[in-house]
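Work the whole structure out from these sequences, hints included.
As given, the protein sequences belong to chains R and P, one line each in that order. Under my numbering, the first residue of the first sequence is numbered 223, with each subsequent residue one higher. Under my numbering, the first residue of the second sequence is numbered 223, with each subsequent residue one higher.
Check the hints yourself; a few may be wrong.
[Said to hold, decoys possible] DSSO-like mimics (lysine-lysine), calculated; alpha carbons at most 27 angstroms apart, straight line:
#1 R:475 with P:326
#2 R:432 with R:365
#3 R:567 with R:626
#4 R:475 with R:432
#5 P:475 with R:326
#6 R:432 with R:626
Simulated from the structure, these hints should not be mistaken for lab results.
The lines below spell out each chain.
2 protein chains.
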Amino acid sequence: MKIRPLILSLCVLAAAAGCDQHDPDEVWQDAIVLRDTALQDSAAYDIVESLTTEVGPRSAGSAGDAAAVRWAINKLTTLGFENVRGELVEVPHWNRGSLTVRIKEPFAQSLVATSLGGSPGTSEEGIEASVLRVESLAELRDKKQDEVAGQIVYIDHVMQRAKGGDGYSDASRIRSCGHVVAAERGAVATIIRSAGTSTHRFAHTGSMLKNSVPANIPGVAISNADADMLTRQVQSGGPVTIHLRSTARDMPKVMSANVIGEVPGTGDNADEIVLLGAHLDSWDLGTGAIDDGAGVAIVTAAAKLILDRDERLRRTIRVVLYANEEFGLSGGDQYAIDHEDEIAKHVVGLEADFGAGSVWRISSRVDEDSLDIVENLYGLLEPLGIELGNNESESGADLSPLRKAGMPILGLTQDGTHYFDYHHTADDTLDKIDRDDINQNVAAYATAAYVAANIEQDFGRLPVDTEPSSTCAAEDD
Amino acid sequence: MKIRPLILSLCVLAAAAGCDQHDPDEVWQDAIVLRDTALQDSAAYDIVESLTTEVGPRSAGSAGDAAAVRWAINKLTTLGFENVRGELVEVPHWNRGSLTVRIKEPFAQSLVATSLGGSPGTSEEGIEASVLRVESLAELRDKKQDEVAGQIVYIDHVMQRAKGGDGYSDASRIRSCGHVVAAERGAVATIIRSAGTSTHRFAHTGSMLKNSVPANIPGVAISNADADMLTRQVQSGGPVTIHLRSTARDMPKVMSANVIGEVPGTGDNADEIVLLGAHLDSWDLGTGAIDDGAGVAIVTAAAKLILDRDERLRRTIRVVLYANEEFGLSGGDQYAIDHEDEIAKHVVGLEADFGAGSVWRISSRVDEDSLDIVENLYGLLEPLGIELGNNESESGADLSPLRKAGMPILGLTQDGTHYFDYHHTADDTLDKIDRDDINQNVAAYATAAYVAANIEQDFGRLPVDTEPSSTCAAEDD
Chain R
223 MKIRPLILSL
233 CVLAAAAGCD
243 QHDPDEVWQD
253 AIVLRDTALQ
263 DSAAYDIVES
273 LTTEVGPRSA
283 GSAGDAAAVR
293 WAINKLTTLG
303 FENVRGELVE
313 VPHWNRGSLT
323 VRIKEPFAQS
333 LVATSLGGSP
343 GTSEEGIEAS
353 VLRVESLAEL
363 RDKKQDEVAG
373 QIVYIDHVMQ
383 RAKGGDGYSD
393 ASRIRSCGHV
403 VAAERGAVAT
413 IIRSAGTSTH
423 RFAHTGSMLK
433 NSVPANIPGV
443 AISNADADML
453 TRQVQSGGPV
463 TIHLRSTARD
473 MPKVMSANVI
483 GEVPGTGDNA
493 DEIVLLGAHL
503 DSWDLGTGAI
513 DDGAGVAIVT
523 AAAKLILDRD
533 ERLRRTIRVV
543 LYANEEFGLS
553 GGDQYAIDHE
563 DEIAKHVVGL
573 EADFGAGSVW
583 RISSRVDEDS
593 LDIVENLYGL
603 LEPLGIELGN
613 NESESGADLS
623 PLRKAGMPIL
633 GLTQDGTHYF
643 DYHHTADDTL
653 DKIDRDDINQ
663 NVAAYATAAY
673 VAANIEQDFG
683 RLPVDTEPSS
693 TCAAEDD
Chain P
223 MKIRPLILSL
233 CVLAAAAGCD
243 QHDPDEVWQD
253 AIVLRDTALQ
263 DSAAYDIVES
273 LTTEVGPRSA
283 GSAGDAAAVR
293 WAINKLTTLG
303 FENVRGELVE
313 VPHWNRGSLT
323 VRIKEPFAQS
333 LVATSLGGSP
343 GTSEEGIEAS
353 VLRVESLAEL
363 RDKKQDEVAG
373 QIVYIDHVMQ
383 RAKGGDGYSD
393 ASRIRSCGHV
403 VAAERGAVAT
413 IIRSAGTSTH
423 RFAHTGSMLK
433 NSVPANIPGV
443 AISNADADML
453 TRQVQSGGPV
463 TIHLRSTARD
473 MPKVMSANVI
483 GEVPGTGDNA
493 DEIVLLGAHL
503 DSWDLGTGAI
513 DDGAGVAIVT
523 AAAKLILDRD
533 ERLRRTIRVV
543 LYANEEFGLS
553 GGDQYAIDHE
563 DEIAKHVVGL
573 EADFGAGSVW
583 RISSRVDEDS
593 LDIVENLYGL
603 LEPLGIELGN
613 NESESGADLS
623 PLRKAGMPIL
633 GLTQDGTHYF
643 DYHHTADDTL
653 DKIDRDDINQ
663 NVAAYATAAY
673 VAANIEQDFG
683 RLPVDTEPSS
693 TCAAEDD
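Structure (C-alpha cells):
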C-alpha cells in the first residue's frame with residue numbers, strides 16, 4: 223500500500239489538542255478501517271434483496287416505479303440518513319404491451335423477442351413483410367431506398383464480451399438508431415440481434431432514440447439463439463417472411479422522484495457535496511437486481527457505513543437514487559436543473575451502474591493538480607485487487623449532466639465480463655449477485671467517499687463540456 | 223483396449239474362401255474403423271440443426287408435430303434408409319394457451335411460470351388464493367384437509383444437479399403427482415419450483431399424471447429465481463396471496479406417427495432387429511435440440527454411418543423416431559402393439575434420450591450369458607472415455623414397453639450434469655450442443671449397433687416384467 227502524505231493541515235502542524243477528526247493522517251487511517259469493515263458487512267446484499275423482493279420491476283411511470291420511490295424513502299429513513307426526500311421528476315411512460323414475432327416462411331417458427339423501449343406498436347393485424355438482413359449500420363446506410371423499402375430490416379450484429387463492456391458501444395448504437403436508419407430507407411420494422419451477450423434464450427430490451435425523424439416504426443430485439451436460427455433460415459436461400467404484432471404504446475407522462483438521503487457534513491465545508499449516485503428505476507423484464515439494484519445497494523451501504531461512524535464529516539455525502547435512467551435520463555437531467563445553484567459545490571461524484579461485479583480499476587476525471595489524491599486513494603484500494611486507471615473517466619449516464627457542468631468524477635470500474643449476459647433481460651435477478659463481490663464494491667465506494675468528504679484538498683473543477691448529444695446521423699456512428 | 227475373442231464362427235474355423243463379412247474378428251475390427259470415422263463426421267450436428275431450424279417445437283398434436291413427421295420421413299429417405307415409413311399413432315393434444323401468475327400480497331410481482339403438460343385452465347377470472355408452502359410430497363401428505371383446502375399449494379423442492387441426473391427422480395415425481403396429492407386435500411392449484419437445475423430464469427414444463435382422481439386442478443412450474451423470491455415473500459411472515467389465470471386446455475386427439483427407417487440385414491438373421499430409438503416430439507417451449515433432437519440425430523447418424531459401409535449386415539438395424547414421448551408415451555406404447563408379433567425378434571435396443579453430453583458409461587440389461595459381448599464392447603468404447611457399468615440398465619421411456627416384454631438393452635449413459643439446465647425449457651436450443659460431444663455419442667452408438675447387428679451371438683431374453691405402472695399413491699413415492 224502506498225500512501226503519500228498530502229498537504230499537511232494546520233491541525234497536524236500544530237499537533238494541537240482539540241483538533242477535530244479531519245486530521246489528514248487520521249482520515250486515511252480511518253478509511254482503511256472503513257474499507258475492511260465493509261468487506262464483512264451484509265448491508266448491500268440485504269438492500270438489493272429487499273428491493274428485488276418487495277418491489278421488483280420498476281420501469282419509469284409503472285406501478286413498480288411508484289413502489290420503488292416509496293421503498294427508497296422508507297429505506298433511507300429507516301437506515302438513519304438525514305434530509306431524506308423525493309424530488310419530483312416527470313418521466314415518460316411507455317408500455318410494452320404484448321409482442322409476437324413469427325417466421326412464416328421458409329420454416330414457421332416463433333421467436334423469443336422483446337420490444338425496444340419507445341417502440342410504437344403495430345396495427346391489430348400486425349406487419350408481414352420479407353426480411354432484409356444486414357450485419358451493421360454501415361451496411362444498412364449503404365443500401366438504397368428500393369433495396370429496403372417495405373421490408374423488415376434485420377440487423378445481425380454479434381456483441382463481443384469484454385471486461386470493460388467495450389462491445390456495448392457498437393451494439394447499443396444499433397439498438398438506439400437501427401430503426402431510424404431503416405425508416406429513412408422505407409423499412410416497415412426493425413429486428414435486431416440483442417445488444418447483449420447472453421448465451422441463454424433472453425431478448426435484451428433497452429431504449430430506442432426517439433428524437434429522430436421519421437422513425438415511427440417498431441423496433442424489437444431477439445435472443446442470440448433466435449438470431450442464430452433466423453440467420454440460418456436467411457442463409458438457406460429462399461425469401462424469409464416474418465409476421466410481427468405489437469401492442470406497445472406511449473402512455474401519458476407520470477410523476478416519479480429522485481430519492482435523496484444525506485450524511486451531513488459539519489463546519490465550513492458542510493455545503494460541499496460528495497455525490498454517490500445510482501438509479502432506482504429498472505427495465506420491466508427482470509427485477510433489476512444488477513441494473514441497478516446493485517448500484518443502489520452499493521452507494522447506500524457505503525454511505526450507511528460512514529453514517530454509522532457517528533463522527534463529523536468535513537463535507538456532506540449525498541446519496542442520489544435517480545428516477546428513470548433507462549428511458550431518457552429524466553432523473554439525471556432534472557437533478558442538474560433542480561440543483562443548478564449548487565453544482566459548483568459538488569466536489570466530486572461517484573456512480574454505481576455497471577452491475578455487481580467486483581471493482582478492478584479506479585480512474586478519474588479531476589483537475590490534474592488533484593491527481594495525487596487519486597493516487598493515494600489507489601494505495602488504499604490496491605489491496606482490494608484494484609488497478610490505477612487514467613484521468614479520462616466518463617462517469618455513468620446519471621452523472622453526465624453534472625460532469626459536463628464541471629463536476630469532477632471518480633470512476634470505480636466494475637468487472638463487466640458477465641454484466642451483459644443479464645442486462646435488460648428477464649434474467650436480471652438477485653441470484654446473479656455474489657455477496658463477496660458486492661461487499662468489495664461497498665469497500666471501494668466507502669473508502670473513496672470517506673476520503674473525498676474529509677480531506678482538506680478537493681478535486682478542482684472540470685472544463686464545461688458543451689458538446690451536443692449524439693444523434694443517429696452517420697457522422698455520429 | 224481389451225477384445226476377448228467370442229465363440230469362433232464356422233467361417234473362421236474353415237478359413238474358407240467365400241466367407242461373408244460376418245467373420246467375428248472382422249466385425250470387431252470394422253467396428254473400430256466405424257467408431258473412429260464417427261468422430262470426424264458432422265452428420266449428427268447437421269441433422270439436429272436441420273430439425274431445430276426447419277421444424278423447431280413439435281409437441282404432440284401440434285402443427286410442429288406434423289411438420290416433424292414430414293421432416294423425418296423426408297430426412298430418412300434422403301439419407302438412403304430403406305423401408306422408410308410412418309406408422310400411425312394417435313396422440314393426445316394439449317394446448318398451454320396463456321398463463322399469468324402474480325403475487326398480489328405482500329409484495330406485488332409477476333412470476334415466470336409455465337403450465338405443466340395436461341394442466342386444466344382456470345375460469346376467465348382466474349384463481350386467487352393464499353399460498354401454503356411445503357418442501358416435499360411427504361410434508362404435503364401429512365397435512366390435513368383443513369390445512370390445505372381452498373389454498374394454492376406451493377411445493378418448494380430444489381432439484382439437485384448430478385452427472386447421472388439422479389435429482390430428477392424426486393423432482394419429476396413432484397411434478398407428476400403434486401396436483402393429485404394437493405387436490406385430494408382440497409387445494410385449488412399447485413405451483414412447483416421447476417423440476418430442473420437452470421440458474422437462469424426459465425420455468426421447466428413437463429407432464430402431470432392425468433390418470434389419477436380427483437386432481438382436476440391447475441399445475442404450474444416457476445423458475446428457480448422466482449421460487450427463491452416467492453419463498454422470501456412467504457418467509458417475510460404475513461399471508462401471501464397469488465392470482466393465477468390460465469387458458470390451458472385439452473384438444474381433440476390427433477394422428478401422429480412413429481417414423482421408421484432401416485439398414486436391412488441379409489440372410490438367415492435378417493428378420494432380427496437391433497433397435498435404435500429416440501423421440502421425434504419435443505415440448506413446445508424450446509426447439510427440442512437436446513430433448514430429443516440430439517437423440518434423433520445420434521441414432522440416425524450412427525445408422526447412416528453403417529448404411530454407408532455398403533456391406534451386408536447379419537441383422538436389421540431399425541431406427542425408430544417415436545411419436546409423443548413427452549406427454550404419455552404414445553409412440554412407445556403403440557410400437558409395442560404394432561410390432562407385438564416380432565417383439566421376440568428385437569435382439570437388443572438402444573435409446574438416446576438424455577441430451578447431447580458425451581457418453582461416459584456403457585451398462586446393459588441382457589442375459590448373464592451374454593455379458594461377454596458387453597465387456598468386449600466396453601473394450602471398443604473405453605478409448606472414448608467410457609466406463610463399464612452394471613447389468614441393470616433401465617433404458618429410456620420409449621423402449622420400456624419392449625424391455626418389459628423381454629427385449630435386452632444396451633445403455634449408453636450420457637453426462638447429464640447440464641441436461642436439466644435446459645430440459646423442457648425455452649432454452650433448449652441448438653447452441654447448447656457441442657459438436658465433439660455429439661460425435662462421441664455417434665461413435666459409441668454406431669460401434670455398439672454395428673457389433674450387435676453382426677456378431678453371431680445375441681443377448682438372450684429378459685424375464686417379462688408385469689409390474690404395473692406407478693401411481694400417485696404414497697406407497698409409490
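Hints versus structure:
With a C-alpha separation of about 25 angstroms, the suggested pairing of residue 475 of chain R with residue 326 of chain P holds against the 27 angstroms cut-off. For a cut-off of 27 angstroms, the pair hint linking residue 432 of chain R to residue 365 of chain R stands: about 22 angstroms separates their Cα positions. Under the criterion of a C-alpha separation no larger than 27 angstroms, the hint pairing residue 567 of chain R with residue 626 of chain R is consistent with the structure, at around 14 angstroms. At most 27 angstroms may separate the alpha-carbon atoms for a hinted pair to count; residue 475 of chain R and residue 432 of chain R meet this at roughly 15 angstroms.
Between residue 475 of chain P and residue 326 of chain R the alpha-carbon distance is near 25 angstroms, which keeps this suggested pair within the 27 angstroms criterion. For the suggested pair residue 432 of chain R and residue 626 of chain R, the alpha carbons sit about 22 angstroms apart, so the restraint of at most 27 angstroms is met.
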